[in-house]
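2 protein chains.
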Amino acid sequence: MSDLHLLSPAGFRAAGVRAGIKVKNANDIGLLVMDAAGPAAAVFTTNPVHAAPVVVGLSHVKSGKLRGVVMNSGCANACTGKQGLADAEEMCAIAAGVAGGVAKEYLPGSTGVIGHLLPMEKVRTGIVAAGRALGNSAEHADEFARAILTTDTKKKAAAERIVVGGHEVTVAGVCKGAGMIGPKMSLKGPAVPLHATMLGYLTTDAKVPAGALRKMLQSAVGMSFNAVLIDDHMSTNDTAAILSSGRSAARVSAGKGLGLLSEALTDVCRSLAYQIAADGEGATKVFKVTVRGARSVADAMAMARAVCASPLVKCAIHGNDPNWGRIVSGAGLAGIPFDQMQTSLLLQGVEVFRGGVPRAFNDGMLSAAMNAPEVTAVLTVGGGKGVGTVYTCDFSKEYVTINADYHT
Amino acid sequence: MSDLHLLSPAGFRAAGVRAGIKVKNANDIGLLVMDAAGPAAAVFTTNPVHAAPVVVGLSHVKSGKLRGVVMNSGCANACTGKQGLADAEEMCAIAAGVAGGVAKEYLPGSTGVIGHLLPMEKVRTGIVAAGRALGNSAEHADEFARAILTTDTKKKAAAERIVVGGHEVTVAGVCKGAGMIGPKMSLKGPAVPLHATMLGYLTTDAKVPAGALRKMLQSAVGMSFNAVLIDDHMSTNDTAAILSSGRSAARVSAGKGLGLLSEALTDVCRSLAYQIAADGEGATKVFKVTVRGARSVADAMAMARAVCASPLVKCAIHGNDPNWGRIVSGAGLAGIPFDQMQTSLLLQGVEVFRGGVPRAFNDGMLSAAMNAPEVTAVLTVGGGKGVGTVYTCDFSKEYVTINADYHT
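Residue numbers (the numbering used here), protein chains in the order written: chain A, 862 to 1269; chain C, 862 to 1269.
Keep in mind the hints are simulated off the structure, nothing from the lab. Owing to the predicted nature of the structure, the values given are computational and were not obtained by experimental measurement.
The list treats identical chains as interchangeable, and a pair is accepted whether it falls inside one copy or across any two copies.
Each computed SDA-like pair below joins lysine to any residue, with the alpha-carbon atoms no more than 20 Å apart: (1) 926 / 1073; (2) 1258 / 1145; (3) 943 / 1217; (4) 1117 / 1127; (5) 943 / 1220; (6) 943 / 965; (7) 1258 / 1012; (8) 883 / 1224; (9) 943 / 1202; (10) 943 / 1215; (11) 943 / 1219; (12) 1015 / 879; (13) 1076 / 1119; (14) 885 / 980; (15) 943 / 1200; (16) 943 / 1203; (17) 1117 / 1128; (18) 1015 / 1235; (19) 943 / 1221; (20) 1076 / 1114; (21) 1076 / 1116; (22) 943 / 1243.
Please put together the full structure from these sequences, using the hints given.
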């Protein structure tokens, strides 16, 4: 398992190179390509303020077919008007030129500061260099995974292998997170306005039609990338895409393996989303909030999200402070009615509130238990069947340091 | 003007005393009473998780008549079940006993940590002491204003005097803010779930029926307390109330002075709300966000609120960082569609974005201009008539310090 990587699925090559776009000397151009165009699907930010690569990407992926992904970090190409659109298109054209296929078979991606035009000379040189550096080794996967990062302190990768009819099918992915993280991505993209730059790129060698890929992707994203937030600031650039090479000998269909494949994809996306929470800007721990007993999954997710979005809650988690009233009241911020008298809360496994009243617990012991890599809250808000889990991190002074002086 | 205070309107007395509820040695019981019961109105938190004094207060104010307000700081009496309700009722009964009238003519209020029962022995002793200390001097107003504070670093007060038909009418108020601030209060209280503990108490000697008071209060609150946020965490206890003694000789009616009075009330509430933003936990400056060109006032307010709620935006403001992309994208978090190509942004008076593209500006000069007690953003999102302004503060490391260790 642990040896699997982004390029383990057959038919993929990738590269990550340094083009000097980022201030710090690190990979900032990533290229991921299939040997031939194949079924693909992508979800995009639903922020009405969305970047040029989102507009171009939506248009390119409509065909349900892609050859590859070309991206840069260090500049978001957002709020850049027509020139921004032209630059995103040009990235695709250069990628096609150096890696095969045509421009519209490429999904462009950018992440970084908003409101600056791409330094196209560096970008062009970078993509050409990436085209020459393409390969399918673990090292190539690693170079690509690092090219997509911004304030992330570590690369994020996951992969899973299943067997369908005696043949192996592999699903793998990489992503970035860290800040401006509150994705609410949709296949339709920016239309219903919704929040980070989350970039996630997934590969599989499964033989799956684009329609099935789309369904699987939206479902997986709903339980993973769209269920993680750092600051709940939905980015202009959020994008998650899956490309399938179809090179596995397994025949995946509705009755045969599709469920398994969908589960594997969800697992990979969840692992990636968890890595985003764990590596949030200034994060020292993951905070996992589950809401049970809501009227619907959507209600449960909205309430869990509201708890995770509260800076007050996140500061308490940072301080190992069992200030559970913030969690219970935080659920109320979602705008969904529930009866506090029918509500209970388990914090790090300890029941602190039930039936409208506090439970006796040892403050010091609970605080000590919260001093852990993961803190969990399970809030039951009634007798409904809706359950949902959202992941976030704590809120530290380091977050302020990082974000009070990122641009200048 | 500057000599006016909470007790300048005729017919009011108040007191603030130390009952030992707060850890720190400071006033924590406040009592505000009129010489006789009079027209009153109040708005309450719309969080489904709401405190006992909110439940009791809603019930008491239904009559449109109050004698006074009795409140404590240091404990929110929230998530405290039936005992909490009984305690809030008892506070009113004791107040009536020591200051006149009957229990249900008192509006109870509490602010502090959630999930603890009130230390009723201290509360009882405190209310009795407050009853003995009642008076109508500026010092009495000051003692009351300090009794309602929690993490606030200074008291918040405002007052205005108008003349109607040759006679003076005074409107005055005090409030608290600091943390858990994101009020969305309504006359109906917790029903439509909505966010601080914001407590605001207003006095007037105007002769106004309760119905008119209610309308004026909801309108004023919409443009003031409900338009300020620190962390956008709506509290369990938010309450703003106005009591009128009717002692002014002016005859206020629909055609005569009611508009003036309503404006004065709005001014007082706005001044108080501004003071909340300026004294937000860890705040070093006020950030004022105006959205213009929206389809409605509600849309404009929602978009301005979304910008103010973003920790990313607030950190940039803290760092004097003209990272305007966060502001523009922040408006998109409200879930309201707008065309980024028709959008422009003035940051501290400098146009940084128009028609989908960045404007040239001097980064260093703008950053220097942002190093001020107030930073303004004016975002035009289209050609609509909707305009709205929301106030917040910057987000500093001090906020984390305060909130990572408040409970324990």
